[in-house]
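Participant: Below are the chains, spelled out letter by letter.
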Amino acid sequence: MATPVQTQTVDLVARFPGMVTADARPGYTGFIVNKENLVEVATAIRDEFGFDLLTAVTGVDYLAENKMEVVYHAYKTTGGPGLVFRVQVERVDPVEVPSLINIWPGVDFQEREAWDLLGIKFTGHPDLRRILMWEGYEGHPLRKDWKEPFFEEEAKPFKSRWPDGQHTFAENKNPFRDNLKFPADFDPEKFEVVNEDGLYASLERHTMKNEEGSLNTDHIVVNMGPHHPSTHGVLRVAVTLDGETIIGLKPVMGYLHRNHDKIGERNTYLQVIPYTDRLDYFNSMSNNFGYVTTVEKLMKIQVAERAEYIRVIMAELSRIQNHLIFIGMLMNDLGTMYTPSLYAFEERELVLDIFEAVSGARMMCNYFRFGGVVRDIPDYVMQKIKDLVLERLPAKTDEMERFLNENEILVARLKGIHVLNAEDAIKYSVTGPVLRATGVPYDLRRADPYSIYDRFDFDVAVRQNGDMMDNYLIRFDEIRQSLRILEQALKQIPQGPINSQKPQYQVRVPAGEAYGRIESPKGELAFYVVSNGKPNPYRYHVRPASFVNLTAVESMCIGSKIADFVALLAMLDIVMGELDR
Amino acid sequence: MYGKGILKGLSVTWKRFWDTYTEDISWMLRGKKRYNTEEGIRHRSSKDTKGIFTVQYPEEQLIVPEEFRYVPFLVYDEGADGKKEIRCTSCGICSKVCPPQCIWIVRTNDPSTGRPVPVPTNFYVDMDICMNCGFCAEYCPFDAIKMDHDFDIASYDRNVYNLDKLLKPAKYYAEIRPENYTREEEARKAKEAAKAAKAEAAAA
Amino acid sequence: MENEKLSLPNYNIPEDLENVVAVTTLDRLYNWGRRSSVWPLMFGLACCAIEMIAAQTARYDMARFGMEVMRPTPRQADMMLVSGTVTKKMLPAIIRLYNQMPEPKYVVAMGACASSGGPFKEGYNVVAGIDKFLPVDVYIPGCPPTPQALIAGLIKLQEKIDRQSIKTVRWYNKEKKDGNYVPMPILGPDLIDVRRNADIKQAAAVAKVTQESA
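Residue numbers (this note's numbering), protein chains in the order written: chain A, 1 to 581; chain B, 1 to 204; chain C, 1 to 214.
Think of the hints as simulated: they come from the structure by calculation, not from any bench.
On a predicted model such as this, the values are computed, not experimentally measured, just so you know.
DEER-style ranges, computed between Cβ atoms:
1) A:Glu65 with B:Phe142: 39 to 47 Å
2) C:Glu68 with B:Ser46: 20 to 28 Å
3) A:Pro378 with B:Phe142: 22 to 30 Å
In this text, a Cβ means the ideal position worked out from N, Cα and C, and glycines have one as well.
Generate the whole structure from the sequences, applying the supplied hints.
Facilitator: Below, the structure written as structure tokens:
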């Protein structure tokens with residue numbers, strides 16, 4: 001069941017002499033590409049070497065070396081290891097790097113994010129606006145010389161907490177008595193607000209024009225959100241409408257941007273774990289899994305055998321629970337108010353009871369540690385998991401299918417709507433169930449196996465049409481496959497220690513970089529961590545599935561009805577904590 | 001036939017509706033109470049639950065597992081004449097490991113020598129920053145800080161807890177986490193016995 | 001149970017009329033009416049919103065408190081459950097929603113983030129507590145508060161409502177007609193609270209002096 005071994009190694013240096021050098025820094029891999037040749041080399045990577053899926057783009061600010069680096073991670077949808085290539089530029093203002101949007105359109109949002117948070121200008125990007133912060137915000141927060149208003153020290157733990165920890169509010173230490181930072185000599189009455197012309201101009205650019213000779217109709221721009229009952233949180237979408245038909249659309253995000261990356265870089269490696277819980281708050285177990293796997297890669301440690309099984313059990317339970325909620329929420333957005341989601345939540349509560357019993361919390365589990373997990377599963381909980389997996393959940397999944405699948409209204413709303421074809425999905429770096437519903441059997445548990453997934457016998461759920469109906473049905477397929485994995489895991493789980501390491505609150509992480517990815521219920525969740533040997537990560541970046549999957553939304557819903565767009569958002573299964581971080 | 005799927009779906013809803021009555025009646029016939037009893041609540045959280053799923057807080061409460069964690073508290077042992085013997089030695093590990101850095105400890109210094117004494121003068125936890133992660137309890141080497149089960153702590157004001165508000169007796173801890181308590185006590189006794197044996201050996 | 005609170009304890013009602021007649025004050029009647037149908041705004045911000053939804057579902061069932069009618073429009077809501085991290089970018093929208101809610105209105109800060117910024121307080125885009133802008137009635141600690149903790153907090157809110165009097169509540173106070181209106185903050189180089197313009201200007205001027213002398 002193992003994946004085909006990729007024997008062919010990519011030698012970019014031989015293919016592009018003088019343009020590419022191998023990265024020789026200890027702990028780093030991949031290639032450094034000259035800025036001038038980036039587009040040429042990237043085109044070859046996609047077309048000649050077959051790396052069709054560019055999963056992550058991010059920047060690193062090497063302040064001491066006076067360098068800015070842009071890191072790209074490319075993979076093949078047929079599976080196998082990836083390719084890391086990077087561009088290094090001198091740290092001047094503004095830092096300029098050519099955009100790869102014409103080669104992999106999926107980089108759109110990620111390049112905008114790098115511009116917003118690191119101030120890297122991607123030349124050739126048609127719509128390089130801030131994405132998480134607002135236009136007019138001062139500074140690029142992830143630069144190493146930028147300090148937030150409540151800045152206390154470079155890294156945690158802060159010295160003011162012990163031994164003389166007289167409690168004071170952070171506000172008292174800031175000149176503006178709040179979480180604020182203004183340029184010197186700033187006058188709030190005399191400044192001009194930067195309005196949102198940029199957003200509407202870009203919306204205009206993508207809006208379909210009236211055909212010549214046809215009836216001239218008025219177009220109206222509608223802002224949906226950030227407070228809207230069906231945008232799944234605080235997402236805002238600017239749409240141009242012709243009647244009820246969408247002819248232009250731009251998502252606006254950042255309303256839940258809570259600075260995960262910046263806080264992560266102040267935290268010690270251990271302290272990041274509970275923060276990852278709050279990324280995709282439906283699946284804290286999966287988030288833990290992704291982060292811990294990444295750091296373990298850097299630390300080069302083995303995970304205790306029993307802990308591997310516990311991890312898989314928790315991650316799969318989490319997936320089942322997520323997909324159940326997905327079905328409930330999709331129904332809500334289609335207008336089936338409440339009943340299906342109430343049924344889904346009932347099963348979710350039972351799964352959360354298990355999480356609560358093993359980890360202590362329902363949602364924010366904080367259960368994984370480097371080398372294993374916190375504590376063993378007690379016997380009575382093990383019995384409960386078996387009861388659910390072997391008896392209740394299969395029956396309830398069947399019941400849910402009986403309840404909904406043949407419903408004529410549901411079928412009418414889902415069948416043939418919002419078709420995404422495989423080519424587009426890969427182009428926009430879409431991953432997870434949404435990609436698999438288009439007929440691409442790309443599941444990281446098979447394509448790039450992590451943990452012990454190669455030991456289980458399961459099928460990658462695939463559907464062929466890429467419409468909403470397939471997206472809906474594939475979640476049921478995935479629940480079934482997860483149950484299959486769980487059954488095997490519960491049978492095979494050995495006795496033994498649950499952590500290969502001694503419990504310690506300060507871990508040693510050797511210098512280097514690691515990119516760890518897992519198949520979260522929403523798609524590829526990846527963490528990019530750069531260590532310089534200190535107790536806290538030098539660079540910590542999350543590549544969330546929802547954020548990248550949303551790139552495809554614009555092309556998917558042009559021409560469809562606004563009511564279907566609401567359902568589309570549910571179908572992409574976005575979650576704002578992960579999208580905005 | 002159009003509408004067959006809808007009817008099929010409605011049969012599921014109807015079954016669920018029906019179950020609420022059959023379940024209640026079957027409990028009644030067996031002469032058992034489904035509501036306001038521990039047995040009933042446990043059954044409603046098990047794999048066999050059907051019918052009414054609601055646990056009517058505050059009249060009845062979900063039975064939380066031993067490991068359930070809400071906010072931290074400090075454990076004290078009751079010494080002779082009711083003196084509070086605080087377990088915390090103000091070593092500062094919890095405040096170092098705390099991810100949002102919400103624990104503030106003032107270490108006591110001996111006024112005559114100026115050297116630290118292993119008791120905290122004050123101990124603050126900003127409950128409005130605390131993320132309930134449980135690291136403090138997990139890494140405390142003295143079993144002095146533990147996570148509470150009590151979640152009914154909403155208030156009309158901001159919550160910064162000081163030493164007085166954080167302290168709870170070991171009896172309470174033993175009550176909410178009996179397994180952990182027993183395990184820790186055994187480990188402590190074993191350690192003390194080993195220490196005594198070592199001292200004896202050294203004396204002999 | 002509610003009836004007991006509605007009746008004044010000092011009046012002797014004949015036993016056979018107990019379920020028919022209640023002697024009460026206008027305050028009690030008024031408070032009883034409000035506390036029994038607090039409609040929350042259907043408004044979720046972050047992780048806590050999921051626990052808020054969970055509290056609405058079958059296991060916890062907030063409908064038992066007259067709180068099941070979650071309204072997406074502020075015009076029909078009585079209570080704003082600030083359920084999650086308040087970011088600077090989101091704040092103007094929240095203030096606008098609050099201003100659009102009709103009186104009487106209540107604000108509950110659910111979870112650590114809404115109360116004071118929580119674990120994300122140090123972040124550059126996070127507002128250190130919604131109480132900097134809105135008058136908060138109940139703070140519920142926890143990250144996130146479990147649905148039961150949320151319900152416990154809402155019971156605290158009901159207790160607070162029980163203690164109010166028509167004579168003193170702000171929405172019948174003629175002098176303070178617009179007393180609860182919160183001016184909209186502006187997104188500039190950072191979040192500008194227009195009520196604090198003078199402070200900000202002064203602190204920025206001080207910052208300039210220190211910068212020059214440095």
